[in-house]
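Peer 1: As a plain string of letters, each chain reads:
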Amino acid sequence: MIIVKDLSVERLNKKIFENINLSVVSGNITILKGRNGSGKTTLIKAILNIIEPSVGSIYWKGKLLKKNLYDFYNNVTYIADRTSSLKKLTLKDNINIWKKLFLSNINNSQIEIALKTLKLDKYLNQKVGRLSLGETKKLEFLRLIIENKNLWILDEPLSNLDDDSIELMKQTFEDHCGKEGSIIFSSHQNPGIYVTDEINL
Amino acid sequence: MKFLVNPSKFNEIADYIFKPVLILSIILFALGLLFSLIISPDDYQQGSTVRIMYVHVPSAWLALLTYAIMTLYSIAALAFRIPFGFIFNTAVAPIGAVFTLICIVSGSLWGKPMWGTWWVWDARLTSVAILFIIYLIVIFMNLSFENRIVREKVVAIFILVGSVNLPIVKFSVDWWNTLHQPATISKFSKPSIDPSMMTPLIIMTFAFMMIGLAIAILRIKTEIISRKSNLG
Amino acid sequence: MSLRFQRLLLILLTLVIILIAVLLILYNTRENVSYFYTPSEIDKSEIIINKTIRIGGFIENDSFNKISSSSFKFRITDEKASIPVSYNGILPDLFREGQGAVIEGAFNNNDVFNATNVFAKHDENYMPASIKEDLKDTGYWNKKYK
Amino acid sequence: MKFLNKIIFFYYREYKLNLSGFQDILTNIIFFFVSILIFIFSIGPNKEIISLVGVGIVWTLLLLSSTLSLRKFYQDDFEDGNLLILHLNGLSFGFIAILKTFSHFFFVQVPFLLSIPIACILLNIANDKLIYLSASFGIGSLILSCLGSISSSMNLMNQRNFLLGSVIVMIFSVPVIIFSIGIINMEESFNSLINILFGILLIVFAINPWASGLCLKLSIENN
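Line by line, the protein sequences give chains A, B, C and D.
Taking our numbering, the leading residue of the first sequence gets 2, the next gets one more, and so forth.
Taking our numbering, the leading residue of the second sequence gets 82, the next gets one more, and so forth.
Taking our numbering, the leading residue of the third sequence gets 903, the next gets one more, and so forth.
Taking our numbering, the leading residue of the fourth sequence gets 141, the next gets one more, and so forth.
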């Protein structure tokens, strides 16, 4: 799916990382490891074609990423470290907006099941602002299921999650890889998730 | 012509021409003052107050000239990715602002004897005031962004948006002015300046240009050095 | 359509829009937002009585007479046609014969233009005082000037 | 067809976002009326003066009130990371700028447009002037929204003084004010002045996607 060829990025003449090589095939999980501020988010932004790499190039399905950006964006879901749900609205509205905005063909029953597993179903009519940080982060993962795309890119998904949520996270990752999806995620701890390849920054 | 674009080349040329430019500007200024204050005659209607024109008009031209050059450098910096354009913008913005300030102050000084008040909402004075505010916004923008890359590009974009809007503002202010005080019979009398008053005007304009150039060279060199130092 | 071609199309579209806008603005200013008519432009037939218009021109030499401290009669001309004007109010200090002026008012029925206000502003020609003196000696300059 | 749905559902999101916090729109309108009140108290209730100055007051206050909600343009979505998600959803930055400008027009300027008649009653402005006022504000408000979009996208990364954005909008809206008041006061050259205002709208509308788009891209890149 994605091939990254000796990528290096410079910001204000400071080298953030250099000649990173990565090839993501459907069904495998890549973890970007490194302590805080080691450029994990910058690498993700480079993959998402938001930052211009100074050296190296990225290929999507064989072609240069810049060339068929539209197709790339149709197949990727990006979960940032910040929660993108609208604090002023209720959970229900947020889910509605996501469903409509991403033209997803998910039927409501699947969303109910996901909400139950994430133990968020009882907050359905509450404003997102009242939820705790961990719960809002879990709500963010609901977007993965709603968008239903085959490449997931997550930035620090496991930060401030409790143990059984991490367990749940492992479960959803494995299901997704089972269905020919692929995942790239960054983490500064050691999550103990089965990982096909690893990049240390 | 490389020195217009490449910082290191600019430094070489700058050291080379700085001294002569400075001396030339002092000579021109002395000559200009001599001409405008002593040799050139009074005006038949305004008497000697017309001498303020020899400072007012050149500073207005210089203010516009600086803004035009800054626009060119912004286009170069954004479209053709020439970093020297950003250096030029941050360095020259205050110089343009000072020229506009001189123009406004001399304009209001000229207004006192002629119209009896310190400030008249005359078309030219109003558009120069707006240009001054745009310069101030450019300077404030340079001060209020932390991230250098964003700061440079946003300032360049603002200058470009400003350069598109300036003619519209000038046009609308002129129209507004004729609405309230209809212009003199511009259809009949072309503003004619007697040759004996034209020479000091030209000398003063070149004097202003030389001084502006000298200060610009100094500021651009400091900007280049400051960028090299905190990047290193 | 490749990305580059789409981008080019958008740039072209923007330039076309800006061009249309500029033409629109320029066309509309010259078309009818004229600031004032000149005496020759006003042809007597289609004058609409007491519709406020503005007339610009020179004050005709020795057509200026003062009826009372605040009412005056003079003629305004552009060397092609001249219009009698009656005005009551205070005249601006730069107002004198041969000087440019713009008057605002309306025609009354016996086609005398009674002005409601008069704008006279320093016309922008700068002429050294010395030349003014020479003109005076040669009598070419009109004596009534202050 | 998919693209059209995206636009419609973008506005569904904007509708939900703006109408949920109904008090934001109401506070704008209340700001507008309170400032009219203050003008009345400062000038005095004398009918003639107010009707003479009324049109100028209405237009200035409309301009000031529309610079109030500049923060709501991109700042909130930028901080949530929603701007990036919208981009990854396939909308280019320039296109997001256009959509946001129209959403600002619908949710902020249209309420003002509706509150103009009441303001005209308060300020004793004649009825025919009311028609010209709403016509000129109809076009003028879109120009103000475009200028607001440009200035707020410029100030996304500007931590220190966000007020710079409103100053930018005010400086560039001088022609809008001049020609709009011209339209209202000079009935005879109405259609030529409306065309001039429309010309300015075209220019600003053509610049908006490029300037705002570039600034948004910059801010997300260097966030």
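Simulated from the structure, these hints should not be mistaken for lab results.
Beta carbons are placed, not taken as given, at the ideal position from N, Cα and C, and that holds for glycine.
There may be inaccurate statements among the hints.
Unchecked claim - With the C-beta cut set under 8 Å, the calculated list includes, among others, these residues of chain A facing chain D:
id, residue
1, 49
2, 75
3, 87
Said to hold, decoys possible - Computed list of lysine to aspartate or glutamate pairs in EDC-like fashion (alpha-carbon distance at most 16 Å, straight line):
id, chain 1, residue 1, chain 2, residue 2
4, A, 120, A, 165
5, A, 101, D, 154
6, A, 34, A, 163
7, D, 156, A, 94
8, A, 150, A, 72
9, A, 117, A, 165
10, A, 89, D, 328
11, A, 100, A, 141
12, A, 89, D, 216
13, A, 88, D, 219
14, A, 93, A, 53
15, D, 357, A, 53
16, A, 6, A, 19
17, A, 89, D, 154
18, A, 34, D, 328
19, A, 89, D, 361
20, A, 88, D, 188
21, A, 67, A, 53
22, C, 968, C, 999
23, A, 6, A, 53
24, A, 34, A, 19
25, D, 269, D, 328
26, A, 123, A, 113
27, D, 156, D, 216
28, A, 88, D, 220
29, A, 123, A, 94
30, C, 975, C, 962
31, A, 67, A, 82
32, A, 34, A, 198
33, B, 251, B, 203
34, A, 150, A, 175
35, D, 142, A, 72
36, A, 68, A, 82
37, A, 93, A, 136
38, A, 88, D, 216
39, A, 150, A, 122
40, A, 100, D, 219
Peer 1: Residue 88 of chain A and residue 220 of chain D: Cα distance at most 16 Å?
Peer 2: Since the Cα atoms of residue 88 of chain A and residue 220 of chain D sit roughly 10 Å apart, the hinted pair holds (cutoff 16 Å).
Peer 1: Quickly compare the C-alpha distance for residue 100 of chain A and residue 141 of chain A to 16 Å and report which way the hint goes.
Peer 2: 13 Å, holds
Peer 1: Within a Cα-Cα threshold of 16 Å, do residue 150 of chain A and residue 175 of chain A meet the stated pairing?
Peer 2: 15 Å, holds
Peer 1: Run the distance test for residue 93 of chain A versus residue 53 of chain A: straight-line Cα separation, threshold 16 Å.
Peer 2: Status violated; Cα separation ~37 Å.
Peer 1: Using the nearest Cβ pair, does residue 75 of chain A come within less than 8 Å of chain D?
Peer 2: 7 Å, holds
Peer 1: Would you check the hint for residue 150 of chain A and residue 122 of chain A, treating anything up to 16 Å between C-alpha atoms as holding?
Peer 2: With Cα atoms ~23 Å apart, residue 150 of chain A and residue 122 of chain A exceed 16 Å; violated.
Peer 1: For the pair we were handed, residue 6 of chain A and residue 53 of chain A, check the Cα-Cα distance against 16 Å.
Peer 2: At roughly 14 Å apart (the allowed maximum being 16 Å), residue 53 of chain A and residue 6 of chain A satisfy the hint.
Peer 1: Check whether the Cα positions of residue 34 of chain A and residue 19 of chain A lie no farther apart than 16 Å.
Peer 2: Distance ~15 Å between residue 34 of chain A and residue 19 of chain A Cα, so the pair holds.
Peer 1: Please verify whether residue 120 of chain A and residue 165 of chain A have alpha carbons no more than 16 Å apart.
Peer 2: 11 Å, holds
Peer 1: Tell me if residue 49 of chain A is really an interface residue toward chain D, meaning its C-beta lies closer than 8 Å to one of theirs.
Peer 2: 7 Å, holds
Peer 1: Keeping to a limit of 16 Å between CA atoms, is the pair of residue 968 of chain C and residue 999 of chain C held or broken?
Peer 2: 13 Å, holds
Peer 1: Residue 357 of chain D and residue 53 of chain A: Cα distance at most 16 Å?
Peer 2: It holds: about 11 Å lies between the C-alpha atoms, which stays within 16 Å.
Consistency note: the structure conflicts with the earlier hints numbered 6, 10, 14, 18, 19, 20, 31, 36, 39, 40.
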